[in-house]
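Chains as they are written, first to last, in this note's numbering: chain Z, 1 to 367; chain B, 368 to 654; chain F, 655 to 919.
Treat the hints as calculated values from the structure; they're not laboratory data. Some hints here could point you the wrong way.
Only pairs whose alpha carbons sit at most 16 angstroms apart, straight line, appear in this in silico EDC-like list of lysine to aspartate or glutamate [unchecked claim]:
id, chain 1, residue 1, chain 2, residue 2
1, Z, Lys329, Z, Asp358
2, Z, Lys299, Z, Glu351
3, B, Lys551, Z, Asp292
4, B, Lys551, Z, Asp78
5, Z, Lys304, Z, Glu331
6, Z, Lys299, Z, Glu343
Away from chain F, derived, C-beta distances all over 10 angstroms, residues of chain B [claimed, not checked]:
id, residue
7, Gly462
8, Gly469
9, Asn477
10, Ala602
11, Ser638
So the derived list for chain F, only partly shown, Cβ under 7 angstroms to chain B, looks like this [said to hold, decoys possible]:
id, residue
12, Trp663
13, Ile664
14, Thr679
Note that this is a predicted model, so its numbers are computed, not measured. Using N, Cα and C, we set each Cβ at its ideal position, and we do this for glycine too.
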Amino acid sequence: MSKIELNNITHVYQSGGEETVAVRDVSLTLEEGTSNALIGPSGCGKTTLLNIISGLLTPTEGEVLIDGEDVTELPPQDRDIAQVFQFPVVYDSMDVFGNLAYPLKNRGVTKGEIEDRVHETADLLGLEDRLHENPGGFGPEWSQLVSLGRGIIRHDTTALLFDEPMTDVDPGRKLTLRRRISQAQRRLEVTSLYVTHDQHEALTFAEKAAVMNHGEIVQYGAPENLYNDPVSTFVGNFIGSPGMNFIDCTIENGELKFGNYDISLPEDLRDKLDPGWSSLELGIRPNNVELDRERSAEKQIPAKVILTEHLGSYQIVTLEVEGIETAIKAERSLENRTTEGSEMFIGLDPENIRLFHDGDAIENGTK
Amino acid sequence: MKNRAWWFLIPSLAVMSLSAFIPLMTVINYAQYTVFPGSAPYFVGMENFVKVFQDPVFLGSLRRQVLFSLEILLIEIPLGLGIALALPKKGKWVGWSLVLLGVPLLIPWNVVGIIWRVFTRSDLGAVPEIFEWLGYASYNASANPGDAWWTVVTMDVWHWTPLVVLLCYAGIQAIPEEFYRAAKIDGASAWSRFRYVTLPKLKHALILAVLLRFMDSFKIYAEPFQLTGGGPGNATTFLSIYTSRKAIGGFNMGMGAAISIVYFFLVILLSWLLYTIMLNVGGGSSK
Amino acid sequence: MKKRNFAVWIYFAFLLMPLYWMLNTSFKTNDEILSYLHWYPHNFTVQNYVQIFSSPFWRRGFLNSIAFVSLNVLIVIVAAVPAAYAFSRWHFRGDKHLFFWLLTNRMAPTAAFIVPFFALYSNIGLFDTHIAVALAHALFNLPLAIWILEGFMSGIPRQIDETAFVDGYSFPRFFTKIFFPLISQGIAVAAFFAFLFSWVELLLARTLTSTAAKPITVTLSRSLGAGGWDWGVLAAAGVLTMIPGALVVYFIRNLMAKGFAMGRV
Chain Z
1 MSKIELNNIT HVYQSGGEET VAVRDVSLTL EEGTSNALIG PSGCGKTTLL NIISGLLTPT
61 EGEVLIDGED VTELPPQDRD IAQVFQFPVV YDSMDVFGNL AYPLKNRGVT KGEIEDRVHE
121 TADLLGLEDR LHENPGGFGP EWSQLVSLGR GIIRHDTTAL LFDEPMTDVD PGRKLTLRRR
181 ISQAQRRLEV TSLYVTHDQH EALTFAEKAA VMNHGEIVQY GAPENLYNDP VSTFVGNFIG
241 SPGMNFIDCT IENGELKFGN YDISLPEDLR DKLDPGWSSL ELGIRPNNVE LDRERSAEKQ
301 IPAKVILTEH LGSYQIVTLE VEGIETAIKA ERSLENRTTE GSEMFIGLDP ENIRLFHDGD
361 AIENGTK
Chain B
368 MKNRAWWFLI PSLAVMSLSA FIPLMTVINY AQYTVFPGSA PYFVGMENFV KVFQDPVFLG
428 SLRRQVLFSL EILLIEIPLG LGIALALPKK GKWVGWSLVL LGVPLLIPWN VVGIIWRVFT
488 RSDLGAVPEI FEWLGYASYN ASANPGDAWW TVVTMDVWHW TPLVVLLCYA GIQAIPEEFY
548 RAAKIDGASA WSRFRYVTLP KLKHALILAV LLRFMDSFKI YAEPFQLTGG GPGNATTFLS
608 IYTSRKAIGG FNMGMGAAIS IVYFFLVILL SWLLYTIMLN VGGGSSK
Chain F
655 MKKRNFAVWI YFAFLLMPLY WMLNTSFKTN DEILSYLHWY PHNFTVQNYV QIFSSPFWRR
715 GFLNSIAFVS LNVLIVIVAA VPAAYAFSRW HFRGDKHLFF WLLTNRMAPT AAFIVPFFAL
775 YSNIGLFDTH IAVALAHALF NLPLAIWILE GFMSGIPRQI DETAFVDGYS FPRFFTKIFF
835 PLISQGIAVA AFFAFLFSWV ELLLARTLTS TAAKPITVTL SRSLGAGGWD WGVLAAAGVL
895 TMIPGALVVY FIRNLMAKGF AMGRV
């Protein structure tokens, strides 16, 4: 369990005569023992960044430090990093015991201690009953556990890196595997980095998540932070499903105007606004949009339901408001479910509104 | 729906009946008779088969054949695997290496025999000269049984090792790089990586290579025939040379047929044995 | 790394030497061949090649070989593709046994079959024809082709077939438009092996032909007969028989490298 620091990492790929900047001046610190996630759309550079941390790639610029030591040039095996790959990597000529023992055997650990540690790790991961089976016949979710086992069995592992480990796993089994990974990470307090494009996976596993886009880390923080206080419209849209609603608005006399409506803003926020600004966006999460069949003081804005989607225990309702171009999404519980064509009333609580100018969040005092 | 499958098989079954089934039935039929040209076939049942196993020339050929095939396997498989491991995986040399490896495989087998005959004859070839230079002046593939034997073996190694190389090479290319990375992360030495990643993943390629080489070496005919004619004496008379001599040159076609059946049966039996053994060695999944 | 490359170079030199010697011999006169042992022709001559090209005897031999080899590849592929599809997609009674029986034919020692082949083909009047040899070679080429193609086809998920049928494709259309392009690499590999084993085979080719369809392999073996050893011509003919093979490999070398990288063995 070590602290990992990335300082001004830039990585450029050369192919033919063309250059692609995969990672752009990224600096990040993963604290000891923390579980972290790295998420972003395809092609944002997260796999490149992971490979730089693990040592499979040497960055064009910048340095990687593990516990303060510069390891930028060192290969993976010298960094004591453990990695779980996209598809299960198991040695199918050995049984599970042999697989788990392999990293220890190669380092000359004594037989007795190997025995102890294998049982310890197998216990933690739920593999005790399968120790003498051959992983070649396992489903991917079990094989990934064996892979993980090999990573954590060495007590000197500096960090655990996951590169989209659920790719091959059946949706029905992902939950169990995810749970075991979380358990292992928490018990052993190993610094971890989990790369995925599935934010739900990332946000349930990690204490902190970094969102990447076009080679840059856009925001790094606890999941609630990313959710409630996104630093840009990109993050607001990317995090959450569905993402944040964005409504174009303007400022007039210290009030926020959108369509035919206005909302008065809290004082501290008002001070940060420049009336000269033009491209302002109002962001609000669907679950914070208040919705009701009847008009009330808080819910004044008439809207019409144009689409309903059922998501298990709740509905996503898409509404059209006169004067506002973009449709607004809101959530509705199943008991209160509504149908297409219904007329309803929306309310937006200023506490839940986030403002963005040119795509960047305007800080308000409620952070 | 399932019967549709049989429609798809009709072309193949038709071809095989002409090239396999009917000839096989004919041979099985003949084998139970004593057949001399000119006179009526005379049913003898299994007598021919018994006589086959009592013939010392047959047994000698069989012994030689088994020895030959074993030596071939012991040389060609490790050598082929070794070369495959040493070949570059990417880059411009790959294409040319594959071409060079392919050429010996695409030469008509009797031409292979001719090439080696020219190469090793005392009056025509470079080999006797090379041996003389190395200190072995009495190399003579037509007169010395020992020289003949090892020349035939070397010729086969030259001819067929490329097949082993190609099969292993294909298998090696199929191994994803992540397995080696994971092994390095696990602290494995180069030998350990070979033993636990490369070798298990080459299992199928190696099985195929061993089976093909065993079957084909057991049936070998044209190359040794061109090189030594089976001699000197019987030194390089393998089973197929013996069989064709008896079948064509011999007077009793029934006997020739019996020998053919025994021969075929031996190949199948030994191949099946080899296959079963290899499948169970080293554990792991199979398909 | 250096040691590795050295070993490979030595091996390649080993492969090239006999070929070089053959090439060397083919450009010498018989006199030079028998009297001296020169590492390169001191009296370079193309006389041997001229003799071959101007002789209908040799020319016909080459053409015959090409004829039945091509015929064989055609027959084998046409029969193997549907058969492999059946084995790969459907389970039917006896399928495993049939498959195994097919494979055992690969093990057949051709020496064991010359008499029945001779009898059979003479009886049906196909003796000394290209089609006879093409069919006879199918004995071992067809099982191998089915085995190879079945492997490739099994690598293609059934969903593709099912989706196409759901989308309303008729079977022929599905096969030509969708399936065939996917297995084209497999067909190339199977065709390659069929070509390989048919081109090089001697025993059956010799047994089933006499004059009309006599392949080059037989012509070569016959010329080692009475009338002295015309080593120069023999060497030249040998070199010529290597050329089609070398050409084939040269043209598909990139395909091979790619196919190997895809890795389906």
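Identify every previously stated hint that the structure contradicts and give their numbers, smallest first.
-> 1, 3, 7, 8, 9, 11, 12 and 13
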